[in-house]
Amino acid sequence: MSINQQLIRNFCIIAHIDHGKSTLADRIIEKTGLLTQREMQAQVLDNMDLERERGITIKAQACRIIYKANDGNEYIFNLIDTPGHVDFNYEVSRSLAACDGAILVVDAAQGIEAQTLANVYLALDHDLDVFPVINKIDLPSADPERVIHEIEDVIGLEAQDAPLISAKNGINIEEVLEQIVSKIPAPQGDPEAPLKALIFDSIYDSYKGVIVFCRIKEGTVRKGTAIKMMATGATANVVEVGYFGAGQFIECDELPAGMVGYITASIKNVKDTMVGDTITELNRPAAEPLPGYKKVHPMVYCGLYPADGAKYGDLRDALDKLQLNDASLFYEPETSIALGFGFRCGFLGLLHLEIIQERLEREYNLDLVTTAPGVVYHVNKTDGTQIELTNPSNLPDPSEILSMEEPIVSAEIMVTTDFIGPIMELCQSRRGVYLGMEYIETTRALLKYELPLNEIIYDFFDALKSRSKGYASFDYELKGYVESKLVKLDILINHEEVDALSFIVHADNAYERGRKMCEKLKDEIPRHLFEIPIQAAVGNKIIARETVKAMRKDVLAKCYGGDISRKRKLLEKQKEGKKRMRQIGNVEVPQKAFMSVLKLDEE
Amino acid sequence: MSEKKTLGIYVHIPFCKQKCRYCDFLSFPIANEETKDAYVDALIRNIQEQAAVCADRYIVDTIYIGGGTPSLLSVEQLKKICYAIGNSFQIDPDYEWTLEVNPNSAGDDVKLMMLRKAGINRLSIGAQSTCERQLQTLGRVHSVQDIFLTYEAACKAEFTNINVDLMYGIFGQTVEEFAKSLEDILYIAPQHLSAYQLIIEEGTPFYDLYHSGQAKLPSEEEIAQMEEILFSWTQLAGMHRYEISNFAKPGCESRHNLRYWRLQDYLAIGLGASGFFFGDPGIRSENTKNLMEYLEHPTAGTITQVPIHNEMEEFCFLGLRMLEEGIDCENFRKMFGRRIETVYPPALFERFIQQGLMEKKSAPREAYVLTPRGAEVSNQIMAEFIQ
Chain A
1 MSINQQLIRN
11 FCIIAHIDHG
21 KSTLADRIIE
31 KTGLLTQREM
41 QAQVLDNMDL
51 ERERGITIKA
61 QACRIIYKAN
71 DGNEYIFNLI
81 DTPGHVDFNY
91 EVSRSLAACD
101 GAILVVDAAQ
111 GIEAQTLANV
121 YLALDHDLDV
131 FPVINKIDLP
141 SADPERVIHE
151 IEDVIGLEAQ
161 DAPLISAKNG
171 INIEEVLEQI
181 VSKIPAPQGD
191 PEAPLKALIF
201 DSIYDSYKGV
211 IVFCRIKEGT
221 VRKGTAIKMM
231 ATGATANVVE
241 VGYFGAGQFI
251 ECDELPAGMV
261 GYITASIKNV
271 KDTMVGDTIT
281 ELNRPAAEPL
291 PGYKKVHPMV
301 YCGLYPADGA
311 KYGDLRDALD
321 KLQLNDASLF
331 YEPETSIALG
341 FGFRCGFLGL
351 LHLEIIQERL
361 EREYNLDLVT
371 TAPGVVYHVN
381 KTDGTQIELT
391 NPSNLPDPSE
401 ILSMEEPIVS
411 AEIMVTTDFI
421 GPIMELCQSR
431 RGVYLGMEYI
441 ETTRALLKYE
451 LPLNEIIYDF
461 FDALKSRSKG
471 YASFDYELKG
481 YVESKLVKLD
491 ILINHEEVDA
501 LSFIVHADNA
511 YERGRKMCEK
521 LKDEIPRHLF
531 EIPIQAAVGN
541 KIIARETVKA
551 MRKDVLAKCY
561 GGDISRKRKL
571 LEKQKEGKKR
581 MRQIGNVEVP
591 QKAFMSVLKL
601 DEE
Chain B
1001 MSEKKTLGIY
1011 VHIPFCKQKC
1021 RYCDFLSFPI
1031 ANEETKDAYV
1041 DALIRNIQEQ
1051 AAVCADRYIV
1061 DTIYIGGGTP
1071 SLLSVEQLKK
1081 ICYAIGNSFQ
1091 IDPDYEWTLE
1101 VNPNSAGDDV
1111 KLMMLRKAGI
1121 NRLSIGAQST
1131 CERQLQTLGR
1141 VHSVQDIFLT
1151 YEAACKAEFT
1161 NINVDLMYGI
1171 FGQTVEEFAK
1181 SLEDILYIAP
1191 QHLSAYQLII
1201 EEGTPFYDLY
1211 HSGQAKLPSE
1221 EEIAQMEEIL
1231 FSWTQLAGMH
1241 RYEISNFAKP
1251 GCESRHNLRY
1261 WRLQDYLAIG
1271 LGASGFFFGD
1281 PGIRSENTKN
1291 LMEYLEHPTA
1301 GTITQVPIHN
1311 EMEEFCFLGL
1321 RMLEEGIDCE
1331 NFRKMFGRRI
1341 ETVYPPALFE
1351 RFIQQGLMEK
1361 KSAPREAYVL
1371 TPRGAEVSNQ
1381 IMAEFIQ
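Going down the list, the protein sequences come from chains A and B. FYI, the numbering for the first sequence is 1 to 603, going by the numbering used here. FYI, the numbering for the second sequence is 1001 to 1387, going by the numbering used here.
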């Protein structure tokens, strides 16, 4: 029983964060009748706890649903949910490549935002047919007319017949379903051709091994097919093929061209099934892979250490397990004088870092110390070689350094005109290079800047939000490396260098950052029996200093017969507190101190 | 027959006119006469029941009646307690018997004389301050004048061993105000002075007051100045600082309190009182804190075993409180059968000695004692002797 390609629609939903992407996905699944309203857990597709809490999609997910359209036909809808954050841009692009069309959701009150534009352009780049939907029309501040004009003027999409909906309240969802049928093209591809299947995600399952999510572009895949990953070269025999029910896997006989589904093949490691790779038949390979495969490289690195040194093994096991599901997570063992044994970890971005950190703490019950996240610098040495620096401690001696380069992104910031001034100031202070500005309408503008990545990984987004009262939105992509005047800033506590606190900074900002770090550390390091100098240094030069004064007094005034047990507990607690601190020379530094320097700009 | 061991007895009287605002001890404001009578009866049963178990092995040489406010009991009630102890235990002729009194209820010289005759030979007067404003802040029920009247009455009643409690670091207290209180007290020349820095304990009105930010404590610098005055003036008055918060004229140290710091045996009588018997393991007892239960079963309470290594730790951290005696090496060896340096690494002592926090004495006895700087930060040092 073959599937009629003409009755398949593969699509995704794109939107700015909080414009209602996941809610609309829920409604579509609900309206097609696969799930009753009672069975629906809010936001079916985001099934990681963390995703639901943060309201973002971390892993791509997919769902197959059946829709009986007004034309009398039953259509197969394959809805692919894409990650919604710039950290996961590559994953987004591969998910889009698995679709033939996209629904653009725009908030009826807020209109177009930076991510709306970034996602639309990404979709158009992948030749998707995009149709707009205006969401949240039930909001008092909704202004669909204005938003329709905005979509037409700014993006150039026909929007006059855009469905006006409320995903939250289920208004006008049928119209969206009909437009999926009428506006998104059916897939193409020859089911008899050599197999070409695009991997857009994979997950690890302890029973089935790796489950590969793919879109069949050409050919057909069946149980028993011998397959080969064209980029990684891994081979396997297909054990099972199927499609995605709501929250479950449904086995079927075959996946022909045009379909979206999954394959299992006793693959042990997600590293063998990289997102973007092409699956082909081992015995009848395709001539060339599908375009667009990239090996993703971590953009942000930091050290992760167990707060309790004895938990090193647990941390390694937890990272092993997380990596089963996350091929973009990188880690290797490293040792810090201050923090002991831990791992240098690479992430796609700061959000990715935070997610991994939170999952380690929550799902694996680990207490972590994180060192300042940094980007990958290129160090050109005098001997003509170049090294990629991910850990500031590994910076070669200055005499061996010819020059250093840092990654630069091109950023687009959408902002209401009232806040252009403050936002430009912010970008300027982050060493931004102004590229230009476009007015979207009279009250809103799109600012374009080139910014060093290391200036935006910490807290740029928060600063942006606070300076624009929450109205600015932001998107960026990596542009390349440029030479820059960079120095390594070291922190000395009681004259001992603390490797875990060293980081690379632009020479012009070294003094300011050093001063702030010393101030912060002064507040975090408890008084000792002696005075403790805290210094920031560049090379041999001290550029900032604070002092933790010696402890004046720590004494229990009264201690008689009835007090002894209680006082003993107090002393035990005091001792216990010390155990949890890190010993640097003869100074005990609380774990908190290492983390607090990550948040220098909060106040 | 082996020689009898010495024993201390602590008797707790949990009644007060009103609870002081810093106090976290077990005490209740007011009690009617019937309750007090019933309580005294329970105390006496408590004394007799304990005596039945251990009186033949011990000779009692210190007794301390504390509270609460023991002076809220009538002379008759107090005498009953005294006689019960005297009749149940063998008392060392050279005993010390302390009664805590509140200047508001200590009574006149006649009452104090009767107590003196009943056997009490040491008074501890809870003065705290000679500044009316601070007495009010603290929630004390007595006036400044009550302090001097009580002291005068005690002298008339021929008490020659008197302690006065003084507090510093009170909300809003200036260095000058503390100096005046100290001067006033040293002027009447008690044999013993307990001077405590106010501790803000959780669950007291002061705790809430402090954490709400409504009241300000003296600064670290002001406290340091108060202590400087305290240490130098007491020295001039012929007192020595034999414990972190206690000053005495030679020979007038509180023998009962020294028991606590030397890990010597003491028996607990009364509501919520704690006792300790050294051994392997040691026994720490705590009587019930429930008044109704106590009135019915004065022996109700909990008993905890103290493993020998915990006793070693306590011997050290309590020993360090005694700024002259310190950790007595010979006593340690006698009590635990091993040299202290085999329990704690010599490097630990050396580190503190090098940091100027500790000294090793060889005479009159071999001991580790805190320096004045070590006493200031004693918790830091004591904590190192735990676990």
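Rather than coming from a laboratory, the hints here were simulated on the basis of the structure. A few of these clues could be false.
[As the list claims (entries may be wrong)] Listed below are several chain A residues computed to face chain B (Cβ distance under 8 angstroms; list not exhaustive): (1) Q386; (2) I387; (3) P452; (4) K488; (5) L492; (6) K553; (7) L556; (8) K558; (9) C559; (10) Y560; (11) G561; (12) G562; (13) S565; (14) L571.
[What the hints assert, rightly or not] Using 30 angstroms as the maximum straight-line C-alpha spacing, the simulated DSBU-like pairs for lysine-lysine come out as follows: (15) K1216/B <-> K567/A; (16) K573/A <-> K1249/B; (17) K541/A <-> K573/A; (18) K1019/B <-> K553/A; (19) K541/A <-> K569/A; (20) K575/A <-> K1361/B.
Even glycine gets a Cβ: it sits at the ideal position worked out from N, Cα and C.
Cross-check of the supplied hints:
| no. | hint | result |
| --- | --- | --- |
| 1 | Q386 | violated (48 angstroms) |
| 2 | I387 | violated (43 angstroms) |
| 3 | P452 | violated (43 angstroms) |
| 4 | K488 | violated (34 angstroms) |
| 5 | L492 | violated (21 angstroms) |
| 6 | K553 | holds (5 angstroms) |
| 7 | L556 | holds (6 angstroms) |
| 8 | K558 | holds (6 angstroms) |
| 9 | C559 | holds (6 angstroms) |
| 10 | Y560 | holds (5 angstroms) |
| 11 | G561 | holds (5 angstroms) |
| 12 | G562 | holds (4 angstroms) |
| 13 | S565 | holds (7 angstroms) |
| 14 | L571 | holds (5 angstroms) |
| 15 | K1216/B <-> K567/A | holds (25 angstroms) |
| 16 | K573/A <-> K1249/B | violated (36 angstroms) |
| 17 | K541/A <-> K573/A | violated (40 angstroms) |
| 18 | K1019/B <-> K553/A | holds (28 angstroms) |
| 19 | K541/A <-> K569/A | violated (45 angstroms) |
| 20 | K575/A <-> K1361/B | holds (27 angstroms) |
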